[in-house]
Amino acid sequence: MLQLAAGNKMGPSASIVTVENLEKRFGHFTALSDVNLTVAAGEKIVLCGPSGSGKSTLIRCINHIEKHDAGRIVVDGVELTGRMEDINGVRREVGMVFQSFNLFPHLSVVENCMLAPMKVRGLSRAEAHERAIGLLRKVRIHDQANKYPGQLSGGQQQRVAIARALCMQPKIMLFDEPTSALDPEMVKEVLDTMVELAKDGMTMVCVTHEMGFAREIADRVVFMDRGCIVEEADPETFFRAPRTERARDFLGQIIH
Amino acid sequence: MNSLDFSIVVQAWPYLWSGLLFSLALTAVAFVVGLVLGTCLALVQHFELPVIGRLVRGYVALMRSIPLILVLFWFFFLVPIVLGHLSGNGRPVPIGATWTAFITFGLFEAAYYSEIIRVGLRAVNRGQFEACQALALSTFDTYRSVILPQVLRVASPIILSQTIILFQDTSLVYVLSLTDLLGAASKLAQLNGRLVEMYLVIAVVYLAISSAASQCVASLRKRYAIAGR
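Residue numbers (this note's numbering), protein chains in the order written: chain A, 87 to 342; chain B, 266 to 494.
Isolated chain A (complex conformation) (with noise of 0.2 Å):
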């Protein structure tokens, strides 16, 4: 049993999300299709491609916020069967920033980053509270702690939101168009944050489109078009040379 465990705990080349044969269907319409990815710990993904290509369900699916209808998806070791427990165990290690930041209108800044470290991880009210703060800090918004959401600008929430994810202290970082819901100038505030994070050797995948940040930061660009991933690189070869035709449309519309 103890060797059984040590053997699942892997070196940090290894991979900690694994995703085989993924297949997503909402009712009729496919929107994932034999995918296969593997994220190593401490790796950088951008998942890039056109509105619709099933970008966002990946990761959705990573967390199991989307079930998936058949394959296999693996996280830190645990493989998300439908068990609840299962499900649970995956989302304490996974932190999740939406487009809409989804941040709780009715608590603090503070109270927002407190919840679920006291629900789920037990933390007392003081611990919380210190580890809320630190991260608050990290994303430099601490001087807001005690203000509710709706008083903050777009960029702000989104920052909380990170800080929010950051407080379960998770082994993986999912990022939904995190910048698609912002104003231009707040934009960057967000990149910067996410930058950060990734330069402290957090795993992360991110849906994103903004280009500069994947040349930035990211190890590998995952493209993806009807729900197939059609191209993998690193970003100096994506964006580069794009093998195929469809990323070559998909830079062209993107990069004025």
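Think of the hints as simulated: they come from the structure by calculation, not from any bench.
Keep in mind the model is a prediction, meaning the values are calculated, not measured.
Be careful, since some hints might not be right.
[Said to hold, decoys possible] Covered, in the sense of this in silico footprint (three residues per stretch, anywhere, with C-beta under 8 Å from a C-beta of chain A), are these stretches of chain B:
1. 384-395
2. 401-407
3. 411-421
Built from N, CA and C at the ideal position, the CB exists for glycine as well.
Given the coordinates of chain A, work out where chain B should sit on it, guided by the hints.
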């Protein structure tokens, strides 16, 4: 009866007061029972549980389509007979007018509160549920700490309206020979022929209590307001 004479109201005040206390007690109990039970009924429907969800939907539809006065009658006459059959000796087990009133009002109001809460639940953004999932919050914590606090804030004006209607409906207990504020006033008014004075005074009492309740909810709303919204 050329001039109004309010002295009768002063004399009769203890009797009116006891009627008022009964109205308030019935309102308070029906509010608490109704809101708690109604929230449970709304959650059962919200979770779309297979069999029990349909039963609850049927219960709510039934309660909302029958006049309260009829429910009071039925409960008063039928439940003792049912209890008698269940207890085995066949003789009706009387549960008394007061118990009938408290239980019936609670069950009846639960149907109305459940509709309010159900609509409120539907109004909560999907993203709130997804954020809770992503944070691995249990279903219980999700609803207790995130969803229901938002629902209750949004629904509080409608909950208040329903509670004021409830307070006014307590006068229906006259069919069980119980005496609430309106019942006390009309008995006294018939007795001494001072209908106008009596009904004027209790109208003011109803107005005062309903306004106080509105004020109370307004200040609660202010205190628990979601800043920035």
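Results of checking the hints against the structure:
| no. | hint | in the structure |
| --- | --- | --- |
| 1 | 384-395 | holds (count 4) |
| 2 | 401-407 | holds (count 4) |
| 3 | 411-421 | holds (count 4) |
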